[in-house]
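> Chain by chain, the residues run as shown.
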Amino acid sequence: MSISLAYIILSIFLFLLGLLGVIIRKNLITMLVSTELMLNSANIVLASVDHMMKGVEGQVFALFVLTVAAAEVAIGLGLVVAMFRLKGYESSSEITHLRG
Amino acid sequence: MEWIVFSFLAVWLIISAMGTIFFKNPVHSILSFLSVILATAGIFLHLKAELLAGLQLIIYAVAIVVFYVLVITTVPWERVKKFEGIYKRELILSLPMLFLSFLSISYLVLKGQFEHELNVATLNNVKDVGKSLFTQYLLPFEIASIILLVAMIGAIILGRKED
Numbered sequence: 082m083s084i085s086l087a088y089i090i091l092s093i094f095l096f097l098l099g100l101l102g103v104i105i106r107k108n109l110i111t112m113l114v115s116t117e118l119m120l121n122s123a124n125i126v127l128a129s130v131d132h133m134m135k136g137v138e139g140q141v142f143a144l145f146v147l148t149v150a151a152a153e154v155a156i157g158l159g160l161v162v163a164m165f166r167l168k169g170y171e172s173s174s175e176i177t178h179l180r181g
Numbered sequence: 062m063e064w065i066v067f068s069f070l071a072v073w074l075i076i077s078a079m080g081t082i083f084f085k086n087p088v089h090s091i092l093s094f095l096s097v098i099l100a101t102a103g104i105f106l107h108l109k110a111e112l113l114a115g116l117q118l119i120i121y122a123v124a125i126v127v128f129y130v131l132v133i134t135t136v137p138w139e140r141v142k143k144f145e146g147i148y149k150r151e152l153i154l155s156l157p158m159l160f161l162s163f164l165s166i167s168y169l170v171l172k173g174q175f176e177h178e179l180n181v182a183t184l185n186n187v188k189d190v191g192k193s194l195f196t197q198y199l200l201p202f203e204i205a206s207i208i209l210l211v212a213m214i215g216a217i218i219l220g221r222k223e224d
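Chains A and B supply the protein sequences, listed in that same order. In terms of the numbering used here, the first sequence opens at residue 82 and continues consecutively. In terms of the numbering used here, the second sequence opens at residue 62 and continues consecutively.
Be a bit skeptical, because a hint or two may be false.
[Stated by the list, open to error] If the Cβ cut is set under 8 Å, some of the chain A residues that face chain B in the computed set are: (1) I89; (2) L95; (3) M112; (4) M119; (5) A128; (6) A150; (7) I156; (8) V162; (9) H178; (10) L179.
[What the hints assert, rightly or not] When the alpha-carbon atoms are kept at most 20 Å apart in a straight line, the in silico EDC-like pairs for lysine to aspartate or glutamate are as follows: (11) K188/B <-> E138/A; (12) K107/A <-> E111/B; (13) K109/B <-> E138/A.
Just so you know, these hints were derived from the structure itself, not from any lab. In this text, all values refer to a predicted model and were calculated from it rather than measured experimentally. Heads up, the beta-carbon is just placed ideally off N, CA and C, and yes, glycines get one too.
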């Protein structure tokens, strides 16, 4: 078992921890932080596969993942603040307009 | 030696990720997420991706964490107090599913065959990544800049006052 394979297993664990955070947190901001955990784990997978195959393409795509993470945090936090200011929501269980 | 570094980074990463999920206070959660970022930068250094480690520190640890802390300070605390913490029932229900998916994905990774040795070993990581980024992946790079511009305009529109 090589070191890159161990890092891939570790990043799967980190991804599932982020998914658990999205499922169980009540606060919208901490749910966004949990999605950042998932993006970080994707970056670790890309870098470790690069280390295994001795290429640079995975690191290039990890840079794009970083860009998407920055855009996502700008839009997501803007949405959270707008929701809180206009409607007074701060919990994930209060937004039930689409439940039907 | 490699495995000592790996186990140190893995324990650090898992403890701070647990803290990110389970801390009650959002500020503590963000600080724990900062620790996750530092551990991830250490992992990138260990995997010989130095450019990625530096960018991780610059973009995540400076830009994104500061942005989160600024947004947390704008939200009034008294109304947020009752929505801290976690849903207990969802935690109990989701743990077996996540455990099963961890086992199955790890089984797939351990049993699968990776194709080895794409090209020669890289000596200068920053030079190689930069050359690949600005020749072969130039169009995605420009599209990423447009994505950032659109995100900036969207954040400004979302954040302005209603009139």
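> Now, for every hint given, state plainly whether the structure supports it.
Against the structure, the hints:
1. I89: Hint on I89/A: holds, closest Cβ of chain B at ~5 Å, below 8 Å.
2. L95: holds (6 Å)
3. M112: Interface hint status for M112/A: violated (10 Å vs cutoff 8 Å).
4. M119: Given a least distance of 11 Å, the restraint on M119/A is violated.
5. A128: At 5 Å from the nearest chain B Cβ, A128/A passes the 8 Å test, so the hint holds.
6. A150: Holds. Min distance 7 Å.
7. I156: holds (5 Å)
8. V162: holds (6 Å)
9. H178: violated (18 Å)
10. L179: Not OK, violated: L179/A not within 8 Å of chain B, min 19 Å.
11. K188/B <-> E138/A: holds (13 Å)
12. K107/A <-> E111/B: Distance ~36 Å between K107/A and E111/B Cα, so the pair is violated.
13. K109/B <-> E138/A: Given that 20 Å is the threshold and the Cα spacing comes to 14 Å, the pair holds.
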